Each structure stands twice: as C-alpha cells, then as structure tokens.
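Based on the sequences and whatever the hints tell you, model everything.
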Amino acid sequence: METKKTIIDNRFKLLNKLGESKSSEIYKALDLTSNTQVALKFETIQNRQQFPVEIQALTNLSTIKGIPKLLATGAFNNKQYLVMQLLDSNLESKFKKYNNKFSLNCVTSIGLQMIELLKNLHDMNYIHRDIKPANIMTGKKSKGENLLLYLIDFGISKKYRDPITKQHSLYAEKRSIIGSITYSSLNAHLGIEQSRRDDLEACMNVLVYFLKGKLPWECSEQEISNYFIVGIMKKATIEQICKDCPSEFVEMLKYLRSLHFQDRPNYDYLLEIINRIHTNSNFSLHFDWTHKTKKTGNDDFLAVGLDNKSNPRRASAQIILTDINGLTKKQNKKKSRKVKSNKESDESNEISCDSDSPCPSPVRLKLSKNEEESKNLAEYRIVVNGDMHAGMNTRNEDREEDEDDIQALCRKDTIKDTKYPEFNDRKHAGKPN
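Numbering (the numbering used here), first residue to last: 1 to 433.
Source of the hints: derived by calculation from the structure; they are not laboratory data. Please note that a few of the clues may not be correct.
Stated by the list, open to error - Restraint-style ranges between C-beta atoms, simulated for each label pair:
#1 Gln49 / Arg276: 25 to 35 Å
#2 Glu218 / Ser21: 16 to 26 Å
#3 Glu272 / Thr63: 43 to 53 Å
Stated by the list, open to error - Under the rule of at most 20 Å between Cα atoms (straight-line distance), these lysine to aspartate or glutamate pairs were calculated in the EDC-like manner:
#4 Lys13 / Glu25
#5 Lys28 / Glu145
#6 Lys140 / Asp88
#7 Lys28 / Asp9
#8 Lys94 / Glu20
#9 Lys143 / Asp31
#10 Lys13 / Asp31
#11 Lys28 / Asp88
#12 Lys254 / Asp268
#13 Lys158 / Glu193
#14 Lys65 / Asp123
#15 Lys96 / Glu218
#16 Lys22 / Glu92
#17 Lys79 / Asp123
#18 Lys159 / Asp123
#19 Lys79 / Glu25
#20 Lys17 / Asp123
#21 Lys254 / Asp244
Computed from a predicted model, the values in this text were never measured in an experiment. From the three backbone atoms N, C-alpha and C, an ideal C-beta is built for every residue, glycine too.
In structure tokens, the structure reads:
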C-alpha cells in the first residue's frame with residue numbers, strides 16, 4: 001500500500017510502514033482530527049479470524065495500565081483495520097541493540113512490571129498465550145512513558161473463565177501448539193490447554209533469555225520437529241535452564257511448574273521473590289536503555305550474553321545429528337504407548353500415531369521397545385548448559401529412566417517433578433479462580 005498519499009476514512013493519513021508479518025501490516029499514521037501520530041494495523045488474509053479477537057480483547061482490557069489504547073476500528077479496501085496508540089520499539093529489537101545482553105537490574109525491572117501486568121490481565125479473565133520479547137514494547141519517551149512496558153498482539157488471547165460466574169475453562173489435552181515455540185511453557189509444548197500458569201512460565205523464559213542471551217532449547221541452525229525441542233526441554237532441569245541466574249529464578253520456575261491447571265498463581269509471592277533480588281543487590285528500578293549502568297559484583301557475568309565467546313560461563317544449546325534423515329523416515333512408523341498418570345484421580349490415556357494420519361498430539365513420544373529399532377534411530381547428543389545428555393539411541397538401562405521422565409511430563413493437570421518435593425503441598429499456590 002502506498003503511504004503518504006493514502007488517507008483512511010478521511011481521518012488517518014499513512015506516514016510510513018513500521019513492519020509486517022504473516023498476520024498484519026502496521027503503519028505509522030497521523031490522526032487528522034487530533035493531529036497526533038498513531039499506529040494503524042491492517043489484517044491479512046491469514047489473520048481474519050484473529051483480528052476480531054484482538055479488537056474485542058483490547059476493548060475489554062482498556063482500563064489496564066500497559067495495554068495499548070484502542071482508538072478506532074474500520075474497514076478499508078476490504079481489509080479490517082484497528083488504530084492504537086503509537087508505542088516505541090519492542091524488547092527484542094532493544095535486546096539486539098544491546099548485543100543480546102541485559103543487566104540483572106534491567107531484567108528484574110522487566111519482571112516486576114510484567115508479572116503485575118499479567119496479574120491485571122488475568123484478573124480481567126484473559127490469558128495472552130503469546131508472551132515473547134517482540135510482544136513487549138515500551139511507551140514513547142516524548143510522552144514520559146519510556147519506563148512503562150506494554151503488552152501487544154492479542155490475536156490469540158482468550159478468556160479462560162466466565163466473567164460473570166468465574167467458572168474456569170476445562171482441562172484438555174492434544175491441543176496444537178499456540179504461541180511462540182521458543183518461549184511457550186512446557187505444558188503448551190506437550191499439547192496441554194493453557195491457563196494462567198503458562199503465561200507466567202513463558203514470562204520466566206523471556207527473563208532467562210534476557211539474562212543469559214539464549215535458552216537451552218533454541219536450535220536455529222537445524223530445522224527440526226517440535227518433539228525434538230520438547231525432548232531437549234525434558235532433559236533440561238530447572239537448574240540447568242536457570243544456570244548462571246540468581247537462585248530466585250529457580251525458586252520461581254519451580255513454583256510455576258507446581259501449579260495445577262485451574263490454580264490462581266500467587267502473584268504477590270513472585271513479586272516478593274524478584275524484590276528480594278533488588279533488595280539484596282541494592283538495585284533501583286530502571287532499564288538499560290534509560291539509564292547507563294555500571295556493572296558490579298555478580299551482575300558482571302550475568303550481563304554477558306551467550307553470543308560473547310569470551311564469556312567462560314556462557315551456556316550452550318547444541319544438537320549434533322549424525323543421521324537426521326534416518327530419524328525422519330521413522331516419524332511415520334506406527335507408534336503407540338500408554339501414559340500412566342501419577343495422580344490418583346487421573347486415568348490412563350493412549351497416545352498413538354499411525355502411518356495414515358498425523359499424530360493427534362504435537363508431541364511424538366518415541367520409546368524403542370527393542371534393541372534393533374533403537375540401533376536404527378538417529379544418534380544425537382544434547383548439550384544443555386555444558387552438560388551432555390544421551391539421545392534417542394540409548395542403552396537399555398537408560399531407557400527406563402527416559403520412560404519415567406516422559407510419564408512425569410505427560411501427567412494430566414500438572415507436571416509432577418519428584419526432584420522438587422518442597423512444592424508438592426503447593427504451599428504458595430493460589431486458590432482456583
């Protein structure tokens with residue numbers, strides 16, 4: 001669309017294109033009625049179902065601080081559009097400008113705002129389902145909002161409970177992965193319906209990413225299936241995910257992994273943990289892009305991203321595939337197995353994949369039942385934060401442990417991690433609804 005000559009509905013004059021994706025095109029525009037600059041978002045053919053969802057969500061969430069204001073909606077050239085307040089840049093672009101490294105002070109400041117924002121969002125009956133750096137923006141400096149974070153892109157958000165009765169949505173499995181593969185929670189990868197806990201776990205993944213520069217399961221150099229990524233996440237313990245992070249990060253992620261589907265997270269508990277980092281480190285609330293910081297103490301190595309090869313503490317996330325073609329050929333082989341729940345009220349479920357139809361779950365669980373098949377599977381090694389883990393082609397004695405891991409991951413309602421018994425009583429978990 002040609003800009004600078006296009007005026008939408010005799011009110012919005014397009015100035016320049018800010019960006020585009022598969023779901024939308026975004027322009028900077030001038031509101032001729034108020035002489036103010038705004039952001040104008042056009043739908044694409046692929047986004048026609050999501051666009052009304054976003055408009056409805058922005059309307060319902062208009063009172064929340066950190067949600068962009070919806071100014072107008074309409075249609076132009078058979079395309080729907082919405083007009084929002086103009087914001088600054090997103091945190092992904094800021095992160096790249098800072099060479100993929102944010103200070104601990106900056107990361108915890110982001111965490112405090114995001115947890116408060118998600119609390120307010122959830123209290124208004126919505127979950128976002130696509131928390132990632134590109135969907136977190138800062139306000140305009142000219143309006144004194146450069147210290148305020150905004151959450152954008154509500155196209156795949158949903159109401160998780162009835163606004164009147166507060167009846168929570170039902171637990172479900174075998175869902176398609178919704179949102180970012182990189183930052184989504186482990187439950188989302190396993191095809192489990194998302195709830196409030198998943199927004200917060202995705203937020204934690206973002207914070208770890210900002211602090212370390214990379215997540216253990218990022219594999220941009222190899223184009224691999226989703227279940228590979230899930231396998232890497234399975235092998236990465238919470239301690240490995242949060243390696244070189246403050247111990248408080250481990251505490252928060254353990255807590256989030258202990259929550260059940262309908263639990264209301266204890267947001268105050270999470271905020272208290274982050275504030276503990278600020279108090280112990282004598283930090284002030286600021287961002288790296290608004291305040292020149294001097295790195296001191298433990299923050300020195302925490303501020304160094306993984307891409308800096310001189311950092312001896314940098315973690316690694318590598319997949320070494322010696323026969324990826326051999327594994328690909330095995331993907332359509334008939335597989336079936338029963339997944340037993342560790343919870344008394346849970347019943348056994350069967351996950352099966354046959355050659356004529358895709359697996360109903362986004363996760364294809366592969367457990368070899370004989371040595372011959374195991375030998376034919378691809379050999380690979382997973383390196384997570386410097387620790388080596390066995391791949392698909394494991395020995396018999398390793399296979400039992402893998403089977404236990406998978407059963408633990410595939411529990412209904414919540415992921416049971418026997419390594420963290422202190423959270424079994426869910427001491428800090430909030431009440432449902």
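Quick rundown of the hints versus the structure:
1. Gln49 / Arg276: 25 to 35 Å: violated, 43 Å
2. Glu218 / Ser21: 16 to 26 Å: holds, 20 Å
3. Glu272 / Thr63: 43 to 53 Å: violated, 26 Å
4. Lys13 / Glu25: holds, 15 Å
5. Lys28 / Glu145: Holds. Lys28 to Glu145 sits at ~18 Å (cutoff 20 Å).
6. Lys140 / Asp88: holds, 5 Å
7. Lys28 / Asp9: It holds: about 15 Å lies between the C-alpha atoms, which stays within 20 Å.
8. Lys94 / Glu20: holds, 18 Å
9. Lys143 / Asp31: holds, 17 Å
10. Lys13 / Asp31: This hinted pair holds, its Cα atoms lying about 7 Å apart.
11. Lys28 / Asp88: Given that 20 Å is the threshold and the Cα spacing comes to 11 Å, the pair holds.
12. Lys254 / Asp268: holds, 16 Å
13. Lys158 / Glu193: holds, 11 Å
14. Lys65 / Asp123: Satisfied, since the Cα-Cα distance of roughly 13 Å is no more than 20 Å.
15. Lys96 / Glu218: holds, 16 Å
16. Lys22 / Glu92: holds, 18 Å
17. Lys79 / Asp123: violated, 32 Å
18. Lys159 / Asp123: holds, 11 Å
19. Lys79 / Glu25: Judged against 20 Å, a Cα distance of about 11 Å means the pair holds.
20. Lys17 / Asp123: violated, 35 Å
21. Lys254 / Asp244: Within the cut-off at roughly 16 Å; holds.
Checked against the numbered hints listed earlier, the structure breaks hints 1, 3, 17 and 20; every other hint is satisfied.
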